[in-house]
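S.K.: The residues making up each chain are set out below.
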Amino acid sequence: MSIELWLLCIFGALLELDTAYAFQLTFSRGIIAGPLLALLTGDFATGIQAGVFAELLFSDVNPLGAILPPSATICCAITVALHALGIELCYAFIAAVLGSLLFIRVEHYIRKQRVKFLPVWEDKIMKRPKAVTRILFDELLRCFLINFVFLALFIGLIGGFLSWLQPHINPRAFFACQFAFMAVPWIGLASLIPEFRLKKR
Amino acid sequence: MKFTQQVGFFMRSFFLQAGWNYQKYQNIGLLFIMRPFLSRLYKKDPKKLEDAVARYLATFNTQPILASFCFGALAKQEEHIAHAQNFAETHEETQAWNTIKRGLSITTASIGDRLFWGTLKPLTLLLALFIWLVLGVHIFESTPELPLPCLYIWAGSIAAFLAFNVIALFVKWEGFKTSYKAVYGACYGLTSFDWNKTIYNAKKIGLVLTVAMILLGIYYYLREFQQSIDVHFITRAVIVLFFVCISFITRRLRIPNMYLYLAAVVVFNLVCYL
Chain C
1 MSIELWLLCI FGALLELDTA YAFQLTFSRG IIAGPLLALL TGDFATGIQA GVFAELLFSD
61 VNPLGAILPP SATICCAITV ALHALGIELC YAFIAAVLGS LLFIRVEHYI RKQRVKFLPV
121 WEDKIMKRPK AVTRILFDEL LRCFLINFVF LALFIGLIGG FLSWLQPHIN PRAFFACQFA
181 FMAVPWIGLA SLIPEFRLKK R
Chain W
1 MKFTQQVGFF MRSFFLQAGW NYQKYQNIGL LFIMRPFLSR LYKKDPKKLE DAVARYLATF
61 NTQPILASFC FGALAKQEEH IAHAQNFAET HEETQAWNTI KRGLSITTAS IGDRLFWGTL
121 KPLTLLLALF IWLVLGVHIF ESTPELPLPC LYIWAGSIAA FLAFNVIALF VKWEGFKTSY
181 KAVYGACYGL TSFDWNKTIY NAKKIGLVLT VAMILLGIYY YLREFQQSID VHFITRAVIV
241 LFFVCISFIT RRLRIPNMYL YLAAVVVFNL VCYL
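If you read the protein sequences in the order shown, they are chains C and W.
Each residue of the first sequence is one higher than the last, beginning at 1 in our numbering.
Each residue of the second sequence is one higher than the last, beginning at 1 in our numbering.
Simulated from the structure, these hints should not be mistaken for laboratory data.
Since the model is a prediction, treat every value here as computed from it, not as a measurement.
Check each hint, because a few of them may be wrong.
Quick list of in silico lysine-lysine cross-link-like pairs, BS3-like style, CA-CA up to 27 Å [claimed, not checked]:
1. W/Lys197 x C/Lys124
2. W/Lys177 x W/Lys2
3. W/Lys44 x C/Lys127
4. C/Lys127 x W/Lys121
5. W/Lys24 x C/Lys116
6. W/Lys48 x C/Lys130
7. W/Lys48 x W/Lys197
8. C/Lys124 x W/Lys177
9. W/Lys76 x W/Lys24
10. W/Lys24 x C/Lys112
11. W/Lys121 x C/Lys124
12. W/Lys24 x C/Lys124
13. C/Lys130 x W/Lys177
14. W/Lys43 x C/Lys127
15. W/Lys181 x W/Lys197
16. W/Lys181 x C/Lys124
17. C/Lys127 x W/Lys76
18. C/Lys127 x W/Lys197
19. C/Lys130 x W/Lys197
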């Protein structure tokens, strides 16, 4: 992986923190994270398209209660990185959606792990309330590292695999994947209609 | 509440979810936000501080933007607990504190989720799409060509970012102030704003914009095939229409769109090979 892609993994891992754990200033939204990540590769068209498509595709899953929606940042980071490695955009996007689904499992793991740490944290905080700051920022650092490792591993492994596979893929499969890719904005826009359904109260 | 204190609350509130866990949700984040306030309030009474910390470590979960209403109201009630004259009064005020925490967190979560995640986020997405389409960034094409000016590329993102955050940060900032000053009867300032009407009107705008965006998409789609409406065009249109119709059904069945997309990849591959 080139230096740009390592930087993209770092930047993507940082942006991912904005999804839930820090700030929530919407830097992690597809339409913002996509162009931001594309700054590193210089391919803004891919950044914008990946961002818009990811956000439209995931717009029907909201982070209500304990629901974990797939991460648009992870999806954009993987798409932009794989495309920079020479993978066709339609294949890169399929891999990115699968990566986002896999990342939900990682998030579940992080949150489950915290339940194990909770008694220790509470004990520390009860003894010294100021310890809460240290605990919180250590946790943010741990999340960042997990995000980074996930992105680097996924992009490295899947990027290598797709680079090997791509020349062997039948043109019909390319046509089918391209077709499905272009259906994404339509599927996304159609799901916005029920999202805006009117319920008079 | 002093201005510096409010700034402190505001800055710390960005880390409410940093310790989110499946057992007590945002409890660590809540304590992180309230800790300087508690330390100041119970400077001379470590036993009371310990009791307060234990209370804040109990389960807490709400929507992170409207959570500011909870912080203001809880801070106000904490002052009542701190200034209680005897054990009975302390017990009564603590019970009231628990009621406020439970009641207000549920209410703010319900309003916040509907307003910010369910309405404002998709609305600002549509705003960005319209801006990009107007500026010539055509997302319905398989490989969109970008106009050169850098501002054009960022216009959609910046507009969505500002539209969402100006409202979110204003609500967050005002939430502390209003809930700290308000009384129980006024639901800690929540009733000072007609949330339902705002959500209803925003959803109405969203619905109109979505329909307009779909029509615009169809227009671009037809323009692409202006020269020859052939079998390829009709096949593509029918299949896309089929998946759009299916998306309404999958929505009712609570199947997320991403699975529909992955199913589309499989189905299109099968069709292409047959």
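S.K.: For the pair supplied as a hint, W/Lys197 and C/Lys124, is the alpha-carbon distance within the 27 Å limit?
M.R.: 45 Å, violated
S.K.: Regarding the pair C/Lys127 and W/Lys76, is the alpha-carbon distance no greater than 27 Å?
M.R.: 25 Å, holds
S.K.: Does W/Lys177 lie within 27 Å of C/Lys124 when you go C-alpha to C-alpha?
M.R.: 32 Å, violated
S.K.: Holds or violated: W/Lys181 and W/Lys197, Cα atoms, limit 27 Å.
M.R.: 24 Å, holds
S.K.: Would the pair W/Lys43 and C/Lys127 pass a check requiring their Cα atoms to be no farther apart than 27 Å?
M.R.: Holds, at about 15 Å.
S.K.: Checking one constraint from the list: CA of C/Lys130 to CA of W/Lys197, max 27 Å. Satisfied?
M.R.: Given that 27 Å is the threshold and the Cα spacing comes to 42 Å, the pair is violated.
S.K.: Are the Cα atoms of W/Lys48 and C/Lys130 separated by 27 Å or less?
M.R.: Status holds; Cα separation ~16 Å.
S.K.: Need the status of pair W/Lys44, C/Lys127: alpha-carbon distance at most 27 Å?
M.R.: 17 Å, holds
S.K.: Does C/Lys124 lie within 27 Å of W/Lys181 when you go C-alpha to C-alpha?
M.R.: 33 Å, violated
S.K.: Run the distance test for W/Lys121 versus C/Lys124: straight-line Cα separation, threshold 27 Å.
M.R.: Judged against 27 Å, a Cα distance of about 38 Å means the pair is violated.
S.K.: Hinted pair, alpha-carbon criterion (27 Å max): C/Lys127, W/Lys121. Please report holds or violated.
M.R.: Judged against 27 Å, a Cα distance of about 41 Å means the pair is violated.
S.K.: Given the hint that W/Lys76 pairs with W/Lys24, test it: the Cα-Cα distance must not exceed 27 Å.
M.R.: 23 Å, holds
Violated hints, listed in ascending order, are 1, 4, 7, 8, 11, 16, 18 and 19; each of the other numbered hints is respected by the structure.
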